[in-house]
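Residue numbers (my numbering), protein chains in the order written: chain U, 5 to 450; chain Y, 75 to 524.
One or more of the hints may lead you astray.
[Stated by the list, open to error] Label-pair restraints from in silico Cβ distances:
1. U/160 <-> Y/515: 39 to 47 angstroms
2. U/266 <-> Y/465: 33 to 41 angstroms
3. U/403 <-> Y/269: 37 to 45 angstroms
These are calculated hints, taken from the structure and not from any lab test. Just so you know, these numbers come straight off a predicted model, no measurement behind them. Heads up, the beta-carbon is just placed ideally off N, CA and C, and yes, glycines get one too.
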Amino acid sequence: MTALPEPGLSERLASLAEISPAAVPVTDARLHVIRAAGASVYAQAGMPRPIVAVRLYWPGGSAMEDAGLSGLHAVTMQALIRSPAPGGKTTMAEHLESAGVAVAAGATDRTAYLELRGPREYLSNALTLAATAVAAAEVDEGAFQAARKQALHGSRRRQRDLAMLAGDAFRAARAAPGNFLARRPGGSAVSLDGISVADCRALAAGLWGRRLHLVIVGDQRADDYLAAVSALTSGDGERGDGVAEPPALCAEPPGELRAASGSAAHSYLGWGTAAGTADIADHVAIELAAHLLGGWSGSRWNALFRERLGLTYSVASAHTSLSIGSLSSGDPACCLAQVGFSVATKDLATALDLLRRDIEDFVSTGPSPDGVNAAAVQLLRMEAHFHDSARKMVARVGGLLQAGLGPDFAERRISVLRAIRADETRDRMAALLRQSTLIVLSDAPE
Amino acid sequence: MTAISGAVAATGIPGASAGSADSAADGASLAIRTQAGARAFLIRDPARPLVATSLRFAAGSAHDPVGLSGLAHVLEHMMFCGTRRFGRGGHLQMIQSIGGFANATTSADWTRHFNVVPADLITILLELEAERLVQAPEAMTEAALDIERDVVLSERRERVESAPYGAATAELLAALYPAESPNRWLPVGSAEHVGRVGLGDCLRFHADHYVAPNVNLAVVGDFDPWRLAEPVTALLDALGEGPLASGQAGQRPFQATGAVRDQLVTSRSRIEITSALPPKVFIGCLLPVSTSWDFELARFAGLCLGRGVSARLSDRLIRSERVASAVQVKTMARAGYASAGIIEITPVDGMPAGQVIDRLDAALADSVDRGLTEADLLRTKAMYRSSWLADDDTFIGRSDSLSLAMQLNGSADAYLSHDARISQINLDQLRSAVLGWHQPDRRVELVYLS
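With these hints in hand, go ahead and build the complete structure from the sequences.
Dropping the structure here:
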């Protein structure tokens, strides 16, 4: 039998370009989901290194905060890790870090969370320690002050970052009046100023009554964490998910949003869209649109504004899906996407003119069917990257769960991408992108 | 002649288990050295369906000619100008379209080109990279350079000019290093110099530095090392031998040690910048060169002082004394002259910079003066090990660390035994290394005033 010669690089590249989304092999991302002692545990084992990443979260965040106390969950979680652990002077962070466990704390739109990452042998102790500290809910005055000052510093610094500034302005403009979507989970300078240690102590005391969710990825077995989970959920009282405000968008979004960049020399241009939909195919269509516009080096705007004209260094895209329950159950949900880049103010007029025309073209004509298929293939192949470390897996899984999308969201998204039909997706995009917003940050916003 | 040597489960990486003498076993590794002097190290890890590559050239901003700061970085960009197969940007687009990730960075001493791709596509990636290394200079035209200069200036605008405190590091480096040192500038260079870079400069830099003796490649992921040896060797062979024979390539820059380093900065100086930003204090000092064990100790001391919520300086300045709201400690590795250490402190509202600096000095002096305990040492070791494991847990992190170890030490051994070496550090060594961060009479203070 004569062996066939291996095809050359050109042939292999051509065959890759012709592959359909349905044929792309995707890494199995299924989680082991259990209910233990009133907690929801999402676990993935079998990672090769003796390190474990864990995210513990409780219902909370912006969706459960008064506007005047925006940032309360974030500050409280930071204060908790900096406060002395019960029965001693040593803080939770000191205990954990002395064992090599890195600790982070904060809040998202819908949750308050702790993140732990460290050697497997300390996992059980670290979780038990976190349980004890959260149950005791002791917020030290000094720890509160340190946490609040750090949050204030972050808020001020954010005002100098054009992409963040544009993101905040976009969400504020697209949210329904008073809805939590308009607020940052980290809080604003004004709201952070109004938070007191008493507010944090009251929140910390109530946190224990909410249902714990735990995402755990790494080289671990259930024996390593089940006892700690019991400790984390012991005690009296009903546990529930609390009452979160549903995401709501404004009825008449601005077609153009202008704000001050805070700099004479630097400007920012972007585009954003938002849709209130619980249909996962709509979420995928918006994700694909953002990807095609600015999600990779071959995207429309990277090709135009960077590769052809040299007007910017990088185009960035982001999309966020949110639900109050699960997309499976059709609960109220929304999806936001934003794509943008910075330019020198001297180039603003040129770039703005080109951007306006390109947005009009994209929204009216849409991407090519081949472009939609290629983007779906690309997103499916990129799934493997989420598995490149316990930390990335926890960020990915935790991010989806904390957004309220349900434990089957990742699988359902993959199914939609695999079965993508370009014409149908283009029709969805046309309908969804009709209410998009052009974002301009410049020294002279009017 | 190309030398290839393999080992199975001899990596010493925690978690890698011993296996049979099978090149497809978990932990199997292969070292390659080509006749022209290029080196590669391949480790199989089937845990994830990915492969990461880190191709590191000894070509960084320290190799920029005087008056052309930023040249190495401009060339890094120009390496994506195209090949015969692909037009401008096409190489990167191809890799991303098959689900891969590709990028490059330039630092003071290195330029590294790195990729992560689905495992079934690794041979395609290696062939594309070999094409790029050979053909990129053909695509370097005046028109391409015009665009890339603008892109680099945009990058500079985003990262240095418009980023909050973005100019701080550049100011500190310029004040810390002597006039003749190339460590005085950031890899992105000055806007004036970048505007001056010509096509001939790029081609010359490429011919001098993108050569076999200057390169180390690390490959980590789900593959059979012996099957990958051929395309890896072909990739390395795509590089020219370069001007090594005339002694230009691979030349080690001047390295200041001990007392010589102390003479580089002989006084305490202060730079004040008035801006609309909240006040901030930066303290810059010189540390040992990155090729030395002393540098590892300095980095270890930096972790002790600044890593984590409960780190020595964070605990003291933020929690106990409440004079700061944030503290960061970072090391900037430099193979020539000396490395740099920067302590960044955000004072609480109304706290004068001078008072914050006094409290910092008191905290550092306490640490040196027997304030550090065995508990501090154990904590730092635990944090170090955890951080090392976290880096090692990603294929891109592991391949990058391996290529760096190969570049610094000539082999991957230093990385593979790193964990064990750190565990040997004792309290006296930690105190001595912290002393290196506490040089009140030989440092630069940069203060942002509002």
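Now the hints, each set against the structure:
Taking the beta carbon of each, residue 160 of chain U and residue 515 of chain Y are about 33 angstroms apart, not inside 39 to 47 angstroms as hinted. For residue 266 of chain U and residue 465 of chain Y, the hinted distance range of 33 to 41 angstroms is satisfied, since their beta carbons lie about 36 angstroms from each other. A hinted range of 37 to 45 angstroms for the beta carbons of residue 403 of chain U and residue 269 of chain Y is consistent with their spacing of about 41 angstroms.
In this structure, only the earlier hint numbered 1 is contradicted, and the remaining ones agree with it.
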